[in-house]
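The primary structure of each chain is shown beneath.
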Amino acid sequence: MALQLQHTFTGHTDKCWSISVHKTLPLLASVSSDKTCRIYNTNTRKLVSILDENTHTKTMRSVAFKPTGDFPSLAIGSFDSTISIWGKDSDDFTDEESMNNTNNNNEWMLLAILEGHENEVKCVDWSFDGTYLASCSRDKSIWIWETDETNEEFECINVIQEHDQDVKYVDWHPARNVLSSCSYDDTCRVYKQDEYDEDDWTCVCNLTGAQGTVWCSDFEDGDGQSSLRLVNCSDDSKVRVWKKLTGKDNENGALPSTLKDEEEWELDSLLPSVHESSVYGVAWSSNGLIASCGSDGKIAVYKEQAKLNSYSNKQESEWVVLATVSLAHGVYEINCVKWGADNQLFTAGDDGNVKLWKLDI
Amino acid sequence: MSDPINANPTVLDVSQLPTRGETLGKASKSNAEETEESLIYSNLFNFSLLSTVADKSHYNDYNDLLLPELTDDDLSSLSSADDVEETEQRSVSHLEAIDPQEIYDLIATICDPEHPLTLGQLGVVNLADIKVTDPTDKTQIAEVLIRITPTITHCSLATLIGLGIRVRLDRCLPQRFRIVILLKEGSHQSENQVNKQLNDKERVSAACENEQLLKVISHMFSTCQ
Numbered sequence: 435m436a437l438q439l440q441h442t443f444t445g446h447t448d449k450c451w452s453i454s455v456h457k458t459l460p461l462l463a464s465v466s467s468d469k470t471c472r473i474y475n476t477n478t479r480k481l482v483s484i485l486d487e488n489t490h491t492k493t494m495r496s497v498a499f500k501p502t503g504d505f506p507s508l509a510i511g512s513f514d515s516t517i518s519i520w521g522k523d524s525d526d527f528t529d530e531e532s533m534n535n536t537n538n539n540n541e542w543m544l545l546a547i548l549e550g551h552e553n554e555v556k557c558v559d560w561s562f563d564g565t566y567l568a569s570c571s572r573d574k575s576i577w578i579w580e581t582d583e584t585n586e587e588f589e590c591i592n593v594i595q596e597h598d599q600d601v602k603y604v605d606w607h608p609a610r611n612v613l614s615s616c617s618y619d620d621t622c623r624v625y626k627q628d629e630y631d632e633d634d635w636t637c638v639c640n641l642t643g644a645q646g647t648v649w650c651s652d653f654e655d656g657d658g659q660s661s662l663r664l665v666n667c668s669d670d671s672k673v674r675v676w677k678k679l680t681g682k683d684n685e686n687g688a689l690p691s692t693l694k695d696e697e698e699w700e701l702d703s704l705l706p707s708v709h710e711s712s713v714y715g716v717a718w719s720s721n722g723l724i725a726s727c728g729s730d731g732k733i734a735v736y737k738e739q740a741k742l743n744s745y746s747n748k749q750e751s752e753w754v755v756l757a758t759v760s761l762a763h764g765v766y767e768i769n770c771v772k773w774g775a776d777n778q779l780f781t782a783g784d785d786g787n788v789k790l791w792k793l794d795i
Numbered sequence: 002m003s004d005p006i007n008a009n010p011t012v013l014d015v016s017q018l019p020t021r022g023e024t025l026g027k028a029s030k031s032n033a034e035e036t037e038e039s040l041i042y043s044n045l046f047n048f049s050l051l052s053t054v055a056d057k058s059h060y061n062d063y064n065d066l067l068l069p070e071l072t073d074d075d076l077s078s079l080s081s082a083d084d085v086e087e088t089e090q091r092s093v094s095h096l097e098a099i100d101p102q103e104i105y106d107l108i109a110t111i112c113d114p115e116h117p118l119t120l121g122q123l124g125v126v127n128l129a130d131i132k133v134t135d136p137t138d139k140t141q142i143a144e145v146l147i148r149i150t151p152t153i154t155h156c157s158l159a160t161l162i163g164l165g166i167r168v169r170l171d172r173c174l175p176q177r178f179r180i181v182i183l184l185k186e187g188s189h190q191s192e193n194q195v196n197k198q199l200n201d202k203e204r205v206s207a208a209c210e211n212e213q214l215l216k217v218i219s220h221m222f223s224t225c226q
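As they're listed, the protein sequences go chains E and V.
Quick note on this note's numbering: the first sequence kicks off at 435 and runs consecutively.
Quick note on this note's numbering: the second sequence kicks off at 2 and runs consecutively.
FYI, nobody ran anything at the bench for these hints, they're computed from the structure.
A few of these clues could be false.
[To be verified] Below, in silico cross-link-like pairs of lysine-lysine (DSS-like), each with a Cα-Cα straight-line distance of 30 Å or less: (1) V:K197 / E:K574; (2) V:K139 / E:K672; (3) V:K132 / V:K185; (4) E:K672 / V:K216; (5) E:K672 / V:K197; (6) E:K574 / E:K626.
Extracted from the complex, chain E is given alone in its bound form (with noise of 0.2 Å):
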């Protein structure tokens, strides 16, 4: 089993910090300390535009496609503290040709800029059904903005302010409306929106336990209902899966979460070592594989498979490396990793380089 290299997308001039992947189209964005943005077509493997225009003052550091809509969205979070959402010209999208056409750049269209961060915005998620943009920054906030099918109007409906450091990242269940927060603080939350109050956000757990700087964090695919559960990923080189406790687990006879705000949360799995430093980036696919990247310049994917307990006699899970890359970007840092369809997983280095691998099972 092999992370076998397909193609590197070039272009940008320095660091390239993030990358996102359309959920249905075959689009790729990436940013960069080079202040742009680049969107390219996955299958064709071309440069479909580059996002520019002068928008940010400062490095790109966020980039995430909307999930939802006719025609494809994406936002920018910048070091200059805004957000800035591009759209697609809905007529011009029936034209299957002009996305391979590398020249014309006014095709993607500025639609808004959000302000209101005191400082670098450090990343931006969309919620899955487009309804909520989330961005977090240097300012300790967590903003959820809510927003239309046009894009046009984006309200600040809360601002959590849990966290006592940096918010680094922000990530939104695939299915539900919760959200994960990872900061500077060493610590990861978990908010859950109220069922009364469509605009509050409750922050229901607090993972503890890293030593060092949470980076990113990504929830397990699934409804969200039965199981839930996300992977994130530190400073101290370690990769954790933590899991929701439900009444079934939760043995100790606590009161049933729906009765108080508190959800009870464990270390479910850490992860085999693999990483010598920090690590950067995590994602969980919808396969259920996990992959992480970090700045010793590895990537690894890690695969959950059954094992006997010789004790209980039940069955547990234990995670075991499928793959790993050294040296995936050269000597330099990866900064981010997703997956997209079919196995394949993309990275983003301080080369300024986008990966596209492939994983051979």
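With chain E fixed as given, assemble chain V onto it according to the hints.
Positioned in the frame of chain E, the structure of chain V alone reads:
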């Protein structure tokens, strides 16, 4: 600047500072090596930010500054992986490992933000506190670990000094180097806090886009030849 935070620091005489002369004087070197080295050093002398600042008309902003690399390793040219490997292989044969003295020479000449003295003279940077792990294979990741000693334990400029050192090394060292900057144990009351900040890649990147901060740092580099 108003009242200095440490008004009366201990100052070392320049002649007391470690130099290449002491270590290399004894070792005889071949002509080829000497030429190689003088080349590297003449490159080094071009690093001063002062000259580029004076010549600012060519640059719209500091981020555009492109400084030469310490070695002839071409990694900075953001080429594809295959190209990098080829270039690397060709250059490996005549590359020397980077040693602590070389790192010392790069950072000891940085000027303290509040005294007209260098970090070497103030004993903030010491040769013995620089550790270099540089594998012979230049396609591997290398590391420089520097422990700095602030002049006083509550020095609020420790972060700025550390950032200055990081920026200087980021600009001069080949990309394979990971730079770790720590305060010497017990040398500062917020040691962990400062260490965390100095080694947070994202915070350092953001700081490097702060014009005010860059101005102060380029002033600190004005004493680097």
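Hints and how they fare:
With a C-alpha separation of about 16 Å, the suggested pair K197 of chain V and K574 of chain E falls inside the 30 Å cut-off, and the hint holds. At roughly 27 Å between alpha-carbon atoms, K139 of chain V and K672 of chain E fall within 30 Å of each other, so this suggested pair holds. Taken as a hint, the K132 of chain V and K185 of chain V pair is honoured in the structure, with Cα atoms around 13 Å apart against an allowance of 30 Å. At most 30 Å may separate the alpha-carbon atoms for a hinted pair to count; K672 of chain E and K216 of chain V exceed this at roughly 37 Å.
For the suggested pair K672 of chain E and K197 of chain V, the alpha carbons sit about 17 Å apart, so the restraint of at most 30 Å is met. Using a Cα cut-off of 30 Å, the hinted pair K574 of chain E and K626 of chain E holds, with the two alpha carbons roughly 19 Å apart.
Checked against the numbered hints above, the structure violates only hint 4.
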